[in-house]
Amino acid sequence: MRAALLAAMTVALAARAEEPAPERVVFHTVAGDMVFALYPKAAPKTVQQFLALVRAGVYDTTAFRRVRPGFILQLSTASDREKPLTEAQSKLIHRLPVEPGELKHVRGVLSMARKEQDPDSAETSFCILLRPAPQLDGKYTVFGKLESGEDVLEKILEVPRDDRMRPVVRIEVTRAEVVSSSAALAAMHLEPAHAVAGAPAPAKAVAALHAAALPVVRDPVQHKRIYFLSGGLLAIVFLGVGKVLLGKRISSRHATSLDLVGVLIGTFLLLVLLIPEGHRLPWLAAVLFIGVVAILKLLGRFETPAERP
Amino acid sequence: MSAASGASGLPSPAGSAGMPAAASASRVPAAARAARLPSSARSTGVSSSAGSARVSAPAGPARLSAASPAVPRLTSLPHPATAMSNATAMPNATAMSGIAALPRPAPVLSVKRPAAKYFVSLPVDFLLIGGFSVVLFLVLPHLLDGSRTARVIQLGMWLTWVGNWPHFSATSHRLYGTRAHLKQYPFTAVAAPLLVALGAAGSFAAPAVVAPYFVKLLLLWSPFHYSGQTFGISQLYARRAGHRPTGLERSFLMAFIYGTFIARTLLFEASPTGSQYYGIAYPGFGVPQVLPAAANVLTYASGAVFLLLLARTCVRERKLPPLMYLLPAATQYVWFYVAGARPGFAEFVPFFHGLQYLVIAWAMNLSGKALDQKAPATPRFALNESAKWYAINVAGGAALFYVLPLIAADATGAPKALATGIVLAAVQIHHFFVDGVIWKLKSQTVASPLLVNIQELVHSEPVRAVPQGVAA
Numbered sequence: 001m002r003a004a005l006l007a008a009m010t011v012a013l014a015a016r017a018e019e020p021a022p023e024r025v026v027f028h029t030v031a032g033d034m035v036f037a038l039y040p041k042a043a044p045k046t047v048q049q050f051l052a053l054v055r056a057g058v059y060d061t062t063a064f065r066r067v068r069p070g071f072i073l074q075l076s077t078a079s080d081r082e083k084p085l086t087e088a089q090s091k092l093i094h095r096l097p098v099e100p101g102e103l104k105h106v107r108g109v110l111s112m113a114r115k116e117q118d119p120d121s122a123e124t125s126f127c128i129l130l131r132p133a134p135q136l137d138g139k140y141t142v143f144g145k146l147e148s149g150e151d152v153l154e155k156i157l158e159v160p161r162d163d164r165m166r167p168v169v170r171i172e173v174t175r176a177e178v179v180s181s182s183a184a185l186a187a188m189h190l191e192p193a194h195a196v197a198g199a200p201a202p203a204k205a206v207a208a209l210h211a212a213a214l215p216v217v218r219d220p221v222q223h224k225r226i227y228f229l230s231g232g233l234l235a236i237v238f239l240g241v242g243k244v245l246l247g248k249r250i251s252s253r254h255a256t257s258l259d260l261v262g263v264l265i266g267t268f269l270l271l272v273l274l275i276p277e278g279h280r281l282p283w284l285a286a287v288l289f290i291g292v293v294a295i296l297k298l299l300g301r302f303e304t305p306a307e308r309p
Numbered sequence: 310m311s312a313a314s315g316a317s318g319l320p321s322p323a324g325s326a327g328m329p330a331a332a333s334a335s336r337v338p339a340a341a342r343a344a345r346l347p348s349s350a351r352s353t354g355v356s357s358s359a360g361s362a363r364v365s366a367p368a369g370p371a372r373l374s375a376a377s378p379a380v381p382r383l384t385s386l387p388h389p390a391t392a393m394s395n396a397t398a399m400p401n402a403t404a405m406s407g408i409a410a411l412p413r414p415a416p417v418l419s420v421k422r423p424a425a426k427y428f429v430s431l432p433v434d435f436l437l438i439g440g441f442s443v444v445l446f447l448v449l450p451h452l453l454d455g456s457r458t459a460r461v462i463q464l465g466m467w468l469t470w471v472g473n474w475p476h477f478s479a480t481s482h483r484l485y486g487t488r489a490h491l492k493q494y495p496f497t498a499v500a501a502p503l504l505v506a507l508g509a510a511g512s513f514a515a516p517a518v519v520a521p522y523f524v525k526l527l528l529l530w531s532p533f534h535y536s537g538q539t540f541g542i543s544q545l546y547a548r549r550a551g552h553r554p555t556g557l558e559r560s561f562l563m564a565f566i567y568g569t570f571i572a573r574t575l576l577f578e579a580s581p582t583g584s585q586y587y588g589i590a591y592p593g594f595g596v597p598q599v600l601p602a603a604a605n606v607l608t609y610a611s612g613a614v615f616l617l618l619l620a621r622t623c624v625r626e627r628k629l630p631p632l633m634y635l636l637p638a639a640t641q642y643v644w645f646y647v648a649g650a651r652p653g654f655a656e657f658v659p660f661f662h663g664l665q666y667l668v669i670a671w672a673m674n675l676s677g678k679a680l681d682q683k684a685p686a687t688p689r690f691a692l693n694e695s696a697k698w699y700a701i702n703v704a705g706g707a708a709l710f711y712v713l714p715l716i717a718a719d720a721t722g723a724p725k726a727l728a729t730g731i732v733l734a735a736v737q738i739h740h741f742f743v744d745g746v747i748w749k750l751k752s753q754t755v756a757s758p759l760l761v762n763i764q765e766l767v768h769s770e771p772v773r774a775v776p777q778g779v780a781a
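Protein sequence lines correspond, in order, to chains A and B.
Counting with this note's numbering, you get residues 1 to 309 for the letters of the first sequence.
Counting with this note's numbering, you get residues 310 to 781 for the letters of the second sequence.
Same shape as in the complex, but just chain A:
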C-alpha cells in the first residue's frame, strides 16, 4: 500500500515537473529547424539561464560537435561557437547547479552537459538524448525536450563522423530564438529537415575520411592506432612461431601459458578495435563484454600445473 502510494506520488511529481513553459525555443540548424519545449518546474535555474542566453544570441553559430548514435547528440559550448561571444553575452553565462528532479533521461529530452567530477559545472552545452539513459538519471539536469524536429536529428545522424564521433562537417546552429507561445510557433515557417550541405553521403563516408582535405586523415591518432594494432598482431604471430619452433621442448603447462598470452593480447586488440564499433551496434558491445569476462576466467589456467594421472 505504502509502495503504491509512493509510486503514485512519484508519478504525480514527474507529471508536474513535465509541465512545459509557454515559450518554445527554435534552433535553426543547417539540417533544418528544431523546436524545444522547456520544463521550468523541473529545472528553474537552468531554464531561466537557457532562455536568457537564447534571447541574447549566445547559441547563434554554435554547433553540434559530438554525435553518438544510440546515445546523444551534443551541442558545443558557447565559447566554441563560430562568432566570438561579446562581453555582454559572456556576462550572462553562469555555472548552473545540478537540478536532478524527477524527470528521466528518455529519448528526446534535453540534458545539460557538465564536467564529470563537478556536478555544478553546467553552463551552455547540452545534449539531446537519442535513447533512454537511466544511468544519467538524478545526476544530470533534464530541462526540456525536443518537441519537433526528429527528422532533423536523423539528418544530423546521417553525417559521417571521425574516430572521435565528431561530424566531418560543421552542423551549425545558424540562429536560435525564443517564441513566446505555441500559437506564435504555429504561425512560423519552420524549415523542414534536409541533408547537410557539404556532407558526404554515408555510403561514401570511408572514401571521404581518406580525402586529404578532411582532418581525420591527418589525425596522428589514427596512425598510432594502426601501428599499435599491427604491433599486437605481430606479437601474436611471434608467439605462435615461437611455440611451433619450441615444439616439444616446452611442457604443456607452458604451452598453454604461451597460448593464453596470445589470447590476452588478442582480446586487448579486439577491445581497441571493437569498443567504438559497439557504440553503433549495442549487441556487438554485449558480445564483447561477455567475451572479455570469459577470457578473464580462462586466464585462471595460466601456468597451471598439469594434473597428475
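A portion of the hints provided could be inaccurate.
[Said to hold, decoys possible] Label pairs and their calculated CB-CB ranges:
no.	chain 1	residue 1	chain 2	residue 2	range
1	A	R280	B	T622	44 to 50 Å
2	A	P97	B	L632	41 to 47 Å
3	B	S695	A	G231	44 to 50 Å
4	A	V237	B	I701	38 to 44 Å
5	B	V703	A	E154	54 to 60 Å
6	B	P724	A	K45	30 to 36 Å
7	A	I236	B	R689	53 to 59 Å
8	B	L632	A	P132	40 to 46 Å
9	A	P44	B	Q463	32 to 38 Å
Keep in mind that the hints were calculated from the coordinates and are not lab data.
Note that the coordinates shown come from a computational prediction; the quantities given were computed from them, not determined experimentally.
By construction, the Cβ of each residue, glycine as well, lies at the ideal position given by its N, Cα and C atoms.
Could you slot chain B onto chain A? The hints should help.
Leaving out everything else, chain B in the frame of chain A:
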C-alpha cells in the same frame, strides 16, 4: 577505483591471498613440519612416507570423505581444505584436489581437535573479512551523511596507504620474494610484468589510442578479481566450518557473487560515454539497455536459489548456516550493490578489500615462518614477524603507488596525472595476473595453511604424532 583506482560509477577493487610457505617449508622434513603444525592445520592430517603421503581427517566437522564433491577451482584463493604444507609433503597428490580427492586415505597421523573455524576468532575474523565494512556502511550516514566529501576522500586515501596498497605489495613480495617461487612460476614472473610493461609503454607512446583501453582492462578485471576473492574466502570458511556445499549450491553462490559484479558493471557499460581515470578518458561498451536489468534479475535469482539450497542442507544436517561462509558474499553485495547509494562509502571499499586479503596473507605468512623455525612460535616471534612483513608491504605499496608514478612521469616526460593513471593501471593488472596464478592449489608446491588459527599457532607446542586408532 581499486587501490588507488577510481572509475566513477563502479567500485573497482582488487586483491586475493597468498602464501610463501610452500617453497620455504620444503626445506624442512615433512614429518618435522607436521609435528609443529597447530591443531587447526593438522586437523586434516598430514604425513609423508617415502613420498606417498596420505591424509587422515579426524572425526568431526572438518572431516572430508573421499566421496566429497570435486573441489572448485578458485580464482584467487587456494582451496581451504588443503592442510598447511600438504603439497610439499605429498608429491603424488594434486594440491587442488586436496584431501577430498585422495582416493584411499591411509592415515598415519590423527589429531584430537577439529579444524579451527577462524584465523583468529569469530569477532576478529568477522570484522576483518567484511563485518567492519558493513557496520561502517550502516553508521556512515549518521557520521558523514554518506556523501563523498573532501574529508571522506582524504580519509579513504589515508586508509589506502595502510590497507590497500600493502596488499598489492604482498603479491609481489610473495612471487619475487624467494628464488623458489621464481622457479615455480617462470612464465608468471617474466611474462606478466613484460606484458604489463608493454601495455604501459604503448599507453605512454599513444595516450589517446592505447591508454583508454589499458585503463578499461583494469576496470573490468578489478571487480572480476574482487569476485574471485570473495568466492575463495567463502569456500575457505565453509571448509573451516565443516560445511560441504553441493556442486549446485557452490555454482549458485558463484553465480550470485559474479552476478553482482556483472550486473553492476553492465549498468555502467550501458552507456558508451565512459568516464575518466586520472584524466584518461575511457569509453563505455554501450551494451543494450536490457542487459543490466536481466543481469540484475539473474543475480537475485541465483542468490535466492543459493539460500534455498543452503537452507535445505542446513535443515537436513540440523545445523545453522555458518556465518562466515555467508559473510563474504553479503559483503560483496553491500560493496557492489548497495554502496552506490552512498558514494562516500565507496571510498572505503578498496581499504576493506585489502584488509580481507591482508588478514589471510598475514596468517599464511606467519604460519610459513613458524614452519621455517625450529622452535614453536612465541608471541614475540609472531609479533616481530608480523611487524616485519607488514612494514615491508607498506613500504612496497608506497613504492608501487607513489614513487613509481613519479619516476615514470619524470622518465617519460608525460603529465603526472597521465603517468599516475598508466602506472597504477599497470601495477594493478600485474597484481590481478599474478594473483590468479600463485594461489592455485593445483600447484604441487603451494602449501596452504589456510586452516591455521593464529592463536593456536602462537601457543602451540610440538605435537606428538599418534598412530591411527590411538587418538581419541
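We went through each hint and held it up to the structure:
1. Judged by the Cβ atoms, the range 44 to 50 Å given for R280 of chain A and T622 of chain B holds: they are separated by roughly 48 Å.
2. For P97 of chain A and L632 of chain B, the Cβ-Cβ distance of about 45 Å falls inside the hinted range of 41 to 47 Å, so the restraint holds.
3. A C-beta distance of roughly 45 Å is found between S695 of chain B and G231 of chain A, which places it inside the suggested range of 44 to 50 Å.
4. At about 41 Å, the beta-carbon gap between V237 of chain A and I701 of chain B stays in the expected band of 38 to 44 Å.
5. Take V703 of chain B and E154 of chain A: their Cβ atoms lie about 58 Å apart, and the range 54 to 60 Å holds.
6. Remark: the range hint 30 to 36 Å for P724 of chain B to K45 of chain A is upheld by a beta-carbon distance near 35 Å.
7. Restraint check, I236 of chain A to R689 of chain B: a C-beta distance of roughly 54 Å satisfies the suggested window 53 to 59 Å.
8. A beta carbon spacing of about 41 Å between L632 of chain B and P132 of chain A agrees with the range 40 to 46 Å that was offered as a hint.
9. For P44 of chain A and Q463 of chain B, the hinted distance range of 32 to 38 Å is satisfied, since their beta carbons lie about 34 Å from each other.
In this structure, none of the earlier numbered hints is contradicted; all agree with it.
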